[in-house]
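Undergrad: We have chain W; now place chain S onto it with these hints.
From first to last, the protein sequence lines stand for chains W and S. Sequential numbering of the first sequence, starting at 1, is according to the UniProt record's numbering. Sequential numbering of the second sequence, starting at 1, is according to the UniProt record's numbering.
Partial selection, computed: residues in chain W whose CB lies under 8 Å from chain S:
hint	residue
1	G170
2	G203
3	E269
4	E273
5	L282
6	R285
7	T304
8	S315
Hints are computed from structural coordinates only; laboratory data are not their basis. Backbone N, C-alpha and C define an ideal beta-carbon position, used for all residues, glycine too.
There are 2 protein chains.
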Amino acid sequence: MTPQLEDLFAFLRFPSISTDSQHRGDVRACAHWLIEKLRSMGLDTELHETPGHPIVTARNTHQADKKTLMIYGHYDVQPVDPVELWDTDPFEPVIKEGRIWGRGSTDNKGQMLAHVLGVEETLQDHGELPVNLILLFEGEEEIGSPNLVPFLEKHKEALACDVIAVSDTGMVAKGVPTMGYGLRGITCCEVTVHGPSGDLHSGVYGGAVANPATAVARLVASLHDADGRIAIDGFYDDVRPLEQWERDMWAKVPGVSDEDTLAITGSPETFGEPGYSSSERLWARPTAEVNGIGGGYQGEGSKTVIPAKAMAKFSFRLVPDQEPADIMRKVKAHLLKHCPKGVTVDVEIGHDGKPFFADPHSENGKAGQAALKEAFGVDPVLIREGGSIPIIQDMKEILGVESLMLGLALPDCQIHAPNENYWIENFEAGIRLNKALMRELASS
Amino acid sequence: MTPQLEDLFAFLRFPSISTDSQHRGDVRACAHWLIEKLRSMGLDTELHETPGHPIVTARNTHQADKKTLMIYGHYDVQPVDPVELWDTDPFEPVIKEGRIWGRGSTDNKGQMLAHVLGVEETLQDHGELPVNLILLFEGEEEIGSPNLVPFLEKHKEALACDVIAVSDTGMVAKGVPTMGYGLRGITCCEVTVHGPSGDLHSGVYGGAVANPATAVARLVASLHDADGRIAIDGFYDDVRPLEQWERDMWAKVPGVSDEDTLAITGSPETFGEPGYSSSERLWARPTAEVNGIGGGYQGEGSKTVIPAKAMAKFSFRLVPDQEPADIMRKVKAHLLKHCPKGVTVDVEIGHDGKPFFADPHSENGKAGQAALKEAFGVDPVLIREGGSIPIIQDMKEILGVESLMLGLALPDCQIHAPNENYWIENFEAGIRLNKALMRELASS
Chain W
1 MTPQLEDLFA FLRFPSISTD SQHRGDVRAC AHWLIEKLRS MGLDTELHET PGHPIVTARN
61 THQADKKTLM IYGHYDVQPV DPVELWDTDP FEPVIKEGRI WGRGSTDNKG QMLAHVLGVE
121 ETLQDHGELP VNLILLFEGE EEIGSPNLVP FLEKHKEALA CDVIAVSDTG MVAKGVPTMG
181 YGLRGITCCE VTVHGPSGDL HSGVYGGAVA NPATAVARLV ASLHDADGRI AIDGFYDDVR
241 PLEQWERDMW AKVPGVSDED TLAITGSPET FGEPGYSSSE RLWARPTAEV NGIGGGYQGE
301 GSKTVIPAKA MAKFSFRLVP DQEPADIMRK VKAHLLKHCP KGVTVDVEIG HDGKPFFADP
361 HSENGKAGQA ALKEAFGVDP VLIREGGSIP IIQDMKEILG VESLMLGLAL PDCQIHAPNE
421 NYWIENFEAG IRLNKALMRE LASS
Chain S
1 MTPQLEDLFA FLRFPSISTD SQHRGDVRAC AHWLIEKLRS MGLDTELHET PGHPIVTARN
61 THQADKKTLM IYGHYDVQPV DPVELWDTDP FEPVIKEGRI WGRGSTDNKG QMLAHVLGVE
121 ETLQDHGELP VNLILLFEGE EEIGSPNLVP FLEKHKEALA CDVIAVSDTG MVAKGVPTMG
181 YGLRGITCCE VTVHGPSGDL HSGVYGGAVA NPATAVARLV ASLHDADGRI AIDGFYDDVR
241 PLEQWERDMW AKVPGVSDED TLAITGSPET FGEPGYSSSE RLWARPTAEV NGIGGGYQGE
301 GSKTVIPAKA MAKFSFRLVP DQEPADIMRK VKAHLLKHCP KGVTVDVEIG HDGKPFFADP
361 HSENGKAGQA ALKEAFGVDP VLIREGGSIP IIQDMKEILG VESLMLGLAL PDCQIHAPNE
421 NYWIENFEAG IRLNKALMRE LASS
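Chain W with its partners taken away, still in its complex shape (with noise of 0.2 Å):
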């Protein structure tokens, strides 16, 4: 094994769950391995806490005569159930067919570990960098990014740059090199419906009251119409329509039709809002989401209540000129209109990021397609993403720059998923195409 895997693997090993307030020492741990990374290479290093999970920050020093690139990424990793769909062990990586299989592999520790190591070939074969860096590693992105903002705001000025690299984003397709110029945003809530004040036999109660179970199941089906588009009042009105010349281009990029769709996910049929293609759906249309649902007795055999409560969590994601709080005004009016008879609904707000749109023809959207042929030796191609990272909206906002999106991860690469993996190519491109970012940013 390379040393740079060697790191990789390292990386790869400590739980930095965010979510999971049990794992707030493992999330520690991890930045400050990375800060001992940063540190052997040269680079002055600072780990800034918050009141949550700390920020790392590396930077070489920097000259007046030269471009500064930012380059963002995150630490922290999703949980890992459901834990027995594993087939390795999520936080003990292996090489298997090419790929590297673990817990963060591709989201987000591979990635932004490429970037990394290709600042260090590049002062090991220079002894100096090409543009001043900033690297910038947060431990929260999984979690909404809560403490970020503030530290954005507060350290303004240190942290200015001309332009900000990502790898946190996909490709189209295996050896397809892909630059990203939108993202959808994400709103969330979490909904619990509370009906008797204890579960009940639902021999002795049913049909006398309401069943919590039945009630929250009633209210997500009421999200949708039966096609599949949004029910919510006014939930489309700021949707920023589709132009025509992208339709036109996601219609050729590679791995996105609706047959790969099928094939990727393994859905028995692809389904969303009429009139849009899988491509279109994925990265220009909203959606309202159930990532959790759950009362009374999930166990094995039966056993007939009437749960006290039940609850579902809700993740909406958003696409210009959506705003996150709007449409969460909208949502909760919409769940409490629509709240059954015989129950009461508590809607718990979570966190939200803006949708993100940039051109991609600027002169850095030139230098990231540049660097991105270099790496990998074909034409990039341009899309948007379905995925949300708020924090590219908010340090456009802050900092008055935009984001280049060069990710690296595949369509089978199980992000945020039981055997999440990443190609030990694309890590190796990751690192070739963080040199040659570099490179066209100081030629540019």
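TA: Frame of chain W, contents of chain S only:
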């Protein structure tokens, strides 16, 4: 503590959860304890092996000139989750405020043991019983008695009797003895909705494939209209309308008004089929209940997944003259017909049992009412029950005799739920009831 309470506590300490295969040994140990208790009273006892949990029988020496009374009960119990909502250990009974707290204290160990101890007192006082007695205790009532019907059929001659007494139902209020003459039946199924082959990132794939959690919710929502009437084609076809004498009688029964239902359940309001009171909804109208629903991430924080599958456990309470198999055919047809686009649905059919109805004014019925009056000192009320004891109807069909339902449970006994409890005064009344019943039957 009296020796009778000591017996009950020993009986309750067995975690005889029949639905959970991990407790198989506990169920068997509980059966053996029962055998020993009955043997110590001088009865002929037998432990009958079945493909599932054992059946325990006991009898005195029968005499041709005596009536034969069978007493049926069950020594298995429901699961205990959510265990964190119990104030005390479910399997370490305690006495507080006049009640015994623990799983099975009411359903059914506390009630069946009262009969056993009534027999013991009669034998101690008189050396013999006024009736031929057959005790029949099973360990699979909570999972639908799958092996009792074959047992009854095989031992039909040995189990021949004149009447059956069962204390596995409720009293309408404290101090109001209650004889039941009807029971709801039941039929159950579990639905699994399958979508993508694995959990998906809801940003990357949300919008282009169906979400099984949304789909299962839409299926659940399809079962009722907004007013609470069941929307399955033909579901009400065979429902026997309530007779006016029942409606008039039930309107006068204490403890079952809408206000009582609210107070007992703690629900924010009553809710159910339009046109019926709470007691009518509970005792004479069928239901469609979700006993459990689950899919996706239910832990702390958020996890933005589209789950690969989601499930719901359903039970349907049936009334005369609905047939479980006919209803399940209609349910399954409904679920398949309403399966949302983009997913597949599996329906696993579970246990069932027919509803029961008997004339409360028969000779044996009158003996039951007289025994209740002796045990409690006041006239009993006549009701139907919302719960299901399918074996009551099975025994009627196989053995040709009817059951007296002489319940000792109270509405706040929390059967099937956390903090199940049993009033000591009902335990003592149950012992008196058994003795009076044997006398009344002998003299009737």
